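On the provided structure of chain A, position chain B as indicated by the hints.
2 protein chains.
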Amino acid sequence: MSHAKSREDANGECRDSKSRVTIVGSGSWGSVAAKLVASNALKLPSFHDEVRMWVFEEVLPNGEKLTDVINKTNENANYLPGIKLGRNVVADPDLENAVKEANMLVFVTPHQFMDGICKKLKGKIKGEVEAISLVKGMEVKKEGPCMISNLISKELGINCSVLMGANIANEIAVEKFSEATVGYRESREIADTWVQLFSTPYFMVTPVRDVEGVELCGTLKNVVAIAAGFVDGLEMGNNTKASSSNEAAIMRIGLREMKALSKLLFPSVKDSTFFESCGVADVITTCLGGRNRRVAEAFAQSGGKRSFDELEEEMLEGQKLQGVSTAREVYEALNHRGWMEMFPLFSTVHQICIGRLKPDAIVNYRNFGPNPKL
Amino acid sequence: MSHAKSREDANGECRDSKSRVTIVGSGSWGSVAAKLVASNALKLPSFHDEVRMWVFEEVLPNGEKLTDVINKTNENANYLPGIKLGRNVVADPDLENAVKEANMLVFVTPHQFMDGICKKLKGKIKGEVEAISLVKGMEVKKEGPCMISNLISKELGINCSVLMGANIANEIAVEKFSEATVGYRESREIADTWVQLFSTPYFMVTPVRDVEGVELCGTLKNVVAIAAGFVDGLEMGNNTKASSSNEAAIMRIGLREMKALSKLLFPSVKDSTFFESCGVADVITTCLGGRNRRVAEAFAQSGGKRSFDELEEEMLEGQKLQGVSTAREVYEALNHRGWMEMFPLFSTVHQICIGRLKPDAIVNYRNFGPNPKL
Numbered sequence: 001m002s003h004a005k006s007r008e009d010a011n012g013e014c015r016d017s018k019s020r021v022t023i024v025g026s027g028s029w030g031s032v033a034a035k036l037v038a039s040n041a042l043k044l045p046s047f048h049d050e051v052r053m054w055v056f057e058e059v060l061p062n063g064e065k066l067t068d069v070i071n072k073t074n075e076n077a078n079y080l081p082g083i084k085l086g087r088n089v090v091a092d093p094d095l096e097n098a099v100k101e102a103n104m105l106v107f108v109t110p111h112q113f114m115d116g117i118c119k120k121l122k123g124k125i126k127g128e129v130e131a132i133s134l135v136k137g138m139e140v141k142k143e144g145p146c147m148i149s150n151l152i153s154k155e156l157g158i159n160c161s162v163l164m165g166a167n168i169a170n171e172i173a174v175e176k177f178s179e180a181t182v183g184y185r186e187s188r189e190i191a192d193t194w195v196q197l198f199s200t201p202y203f204m205v206t207p208v209r210d211v212e213g214v215e216l217c218g219t220l221k222n223v224v225a226i227a228a229g230f231v232d233g234l235e236m237g238n239n240t241k242a243s244s245s246n247e248a249a250i251m252r253i254g255l256r257e258m259k260a261l262s263k264l265l266f267p268s269v270k271d272s273t274f275f276e277s278c279g280v281a282d283v284i285t286t287c288l289g290g291r292n293r294r295v296a297e298a299f300a301q302s303g304g305k306r307s308f309d310e311l312e313e314e315m316l317e318g319q320k321l322q323g324v325s326t327a328r329e330v331y332e333a334l335n336h337r338g339w340m341e342m343f344p345l346f347s348t349v350h351q352i353c354i355g356r357l358k359p360d361a362i363v364n365y366r367n368f369g370p371n372p373k374l
Numbered sequence: 001m002s003h004a005k006s007r008e009d010a011n012g013e014c015r016d017s018k019s020r021v022t023i024v025g026s027g028s029w030g031s032v033a034a035k036l037v038a039s040n041a042l043k044l045p046s047f048h049d050e051v052r053m054w055v056f057e058e059v060l061p062n063g064e065k066l067t068d069v070i071n072k073t074n075e076n077a078n079y080l081p082g083i084k085l086g087r088n089v090v091a092d093p094d095l096e097n098a099v100k101e102a103n104m105l106v107f108v109t110p111h112q113f114m115d116g117i118c119k120k121l122k123g124k125i126k127g128e129v130e131a132i133s134l135v136k137g138m139e140v141k142k143e144g145p146c147m148i149s150n151l152i153s154k155e156l157g158i159n160c161s162v163l164m165g166a167n168i169a170n171e172i173a174v175e176k177f178s179e180a181t182v183g184y185r186e187s188r189e190i191a192d193t194w195v196q197l198f199s200t201p202y203f204m205v206t207p208v209r210d211v212e213g214v215e216l217c218g219t220l221k222n223v224v225a226i227a228a229g230f231v232d233g234l235e236m237g238n239n240t241k242a243s244s245s246n247e248a249a250i251m252r253i254g255l256r257e258m259k260a261l262s263k264l265l266f267p268s269v270k271d272s273t274f275f276e277s278c279g280v281a282d283v284i285t286t287c288l289g290g291r292n293r294r295v296a297e298a299f300a301q302s303g304g305k306r307s308f309d310e311l312e313e314e315m316l317e318g319q320k321l322q323g324v325s326t327a328r329e330v331y332e333a334l335n336h337r338g339w340m341e342m343f344p345l346f347s348t349v350h351q352i353c354i355g356r357l358k359p360d361a362i363v364n365y366r367n368f369g370p371n372p373k374l
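Chains as they are written, first to last, in the UniProt record's numbering: chain A, 1 to 374; chain B, 1 to 374.
It should be emphasised that the hints constitute simulated quantities derived from the structure, not laboratory data.
Source: prediction; values computed, not measured.
Hints should not be assumed to be uniformly reliable.
Which copy? The list can't say, so a pair holds if one copy fits it or any two copies do.
To be verified - Calculated cross-link-like contacts (lysine to aspartate or glutamate; reagent style EDC-like; alpha-carbon spacing at most 16 Å):
#1 Lys176 with Asp360
#2 Lys65 with Asp94
#3 Lys18 with Glu50
Bound-form chain A, shown alone (with noise of 0.2 Å):
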């Protein structure tokens, strides 16, 4: 990266011209990033071998701290147990120690600590630094939504690409072939470099100038999984095995609400992002897997007699489903702007939800029908 060769820090010293990467954030997908990265730094001559891992401390049940394990045992014992992170790998507790000498930011925390971090980090982000956020979700607030790419660009002041895609932590952690897409806002060099420092034999990156494409894919998707999961749930209640036809269907009305809301909110996404990893592969690999369907095939079974919230603290050890939250931000928004029926699953999916509809509404597939509108 150009802007890397020659940085000046905050008292206007130069700095050397290699690269420093942090990453924000330590749980599974984080760890992961940090593998991927730090694999890649050891071998780029443009990168300091030292990738820097800024970790919510926690005391373990033997009273060791997590930071401590992970820099001795190279491995995240709480969130990646049995793999190594790589020896360049360091863990630190101080936020801001783990971000001032970097100049490459990369952001793999859940969605809600974004806030908080941003507002910590606000004016000690000096010089040329480059983001990329690898967080799902985002604030659909009434007025639009608002991405997490661009509350960092806004908060911090800087550039931030994204990275979405149809992969799974502990699959990419014991390298399975995945894939993933950088979503890049204006300049090919610095795509090219987010992709270089992710990119293995095993995780396929491909970069594509659509920012807020690529991160709606990765918001969005969840609230198709949650369709998916009724679908399925209610097929098992019938004592049949969930068709696959109607699975595709339902991918397929998804991806379509998804494409149309996206290009709605932002004129400038492209159709084609809805063909990378973030889009179909992502939306096929959530909807079969993963826990917002896990949830959602449970909600289903019960007959929307069970409530999100215990299914949650049951399944999940308490963690929110994305899905959930999403689709509800996503109804207000639509409902702000007058376009609940033109994007009738994502609304039946909220309304679900909350039990102002019985899960069955979700196969009233009519109600999706060719809207002329989109």
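Same frame as chain A, now just chain B:
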């Protein structure tokens, strides 16, 4: 349909103004098509109630003729037992007689019969007749692919639309929700008539002006399903569950090659067609289930030691897999035009089928990276 209002038959006599439909074919998909069309013909005033179905005559084990059984019991005992086709369906073993009154012909036979049927009907079709092909498969010749709709148009001198999509005959038969896409050439009015004739509350049909795109989707997806079967078979051999991101990657790469090849062959093909039921949804359905996927899985599990001929014999009672022959035809076309490197997935599938490559060549995903030429 306006052209149905006053038609003259071969003798210049005016027939009545209602349309008459004949189904050419009586396998399971043909029988389901008859059921769909028959239910609509009864309801729509612009259609004669009677729907004729040409049946390749067979004698059943009890000595009865198949056409007699269909006309007596209203069920196709051989290919769709237990499903009432509708009292207005009349089975007819005489091809010429079956089509002579019809002005709307629905072709739905195995691909290899179409040449003979067209030859037999040549010169026998009079007046303004419209055809639709539900036949999946094509002949990819070196000079270019000969699509079935084109064969019908050329041989019989009539316009031919197509109907393809993510649907499985046995599921539609029991009125499970499915979708389909009608590809039409010019007249939206004709497309709307076909949509009207096939649509039911459980069968959602969408018209798109792209005959070749829709037809190529229906055909090429079988090659992708073979690839998906290989991936699953290999993973089973490794005692691991097929990962959903691997499956999704194969579907995505397959869809990309389908789109690219279709557009190279027919520049009129539209991107949006691949978002329709015939595109992404049919790829998903066929890759998740379907016999192409199933037999390819068994092939890969055997490490390629058992031939497709042997497996087809065992698993399909001697029926041939469309995907294997389409893969060969596509390979020949690619080879002839020097396009092989642009379509690594398609070429690899064929080479595995004929034993030139081992099944695990399909997971050399590196070969399937973004191709700058596409």
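Okay, the hints, checked on the actual structure:
no.: 1; hint: Lys176 with Asp360; result: between (36 Å within a copy, 14 Å between copies)
no.: 2; hint: Lys65 with Asp94; result: within (13 Å within a copy, 83 Å between copies)
no.: 3; hint: Lys18 with Glu50; result: within (11 Å within a copy, 78 Å between copies)
In the structure shown, no violation is registered for any of the earlier numbered hints.
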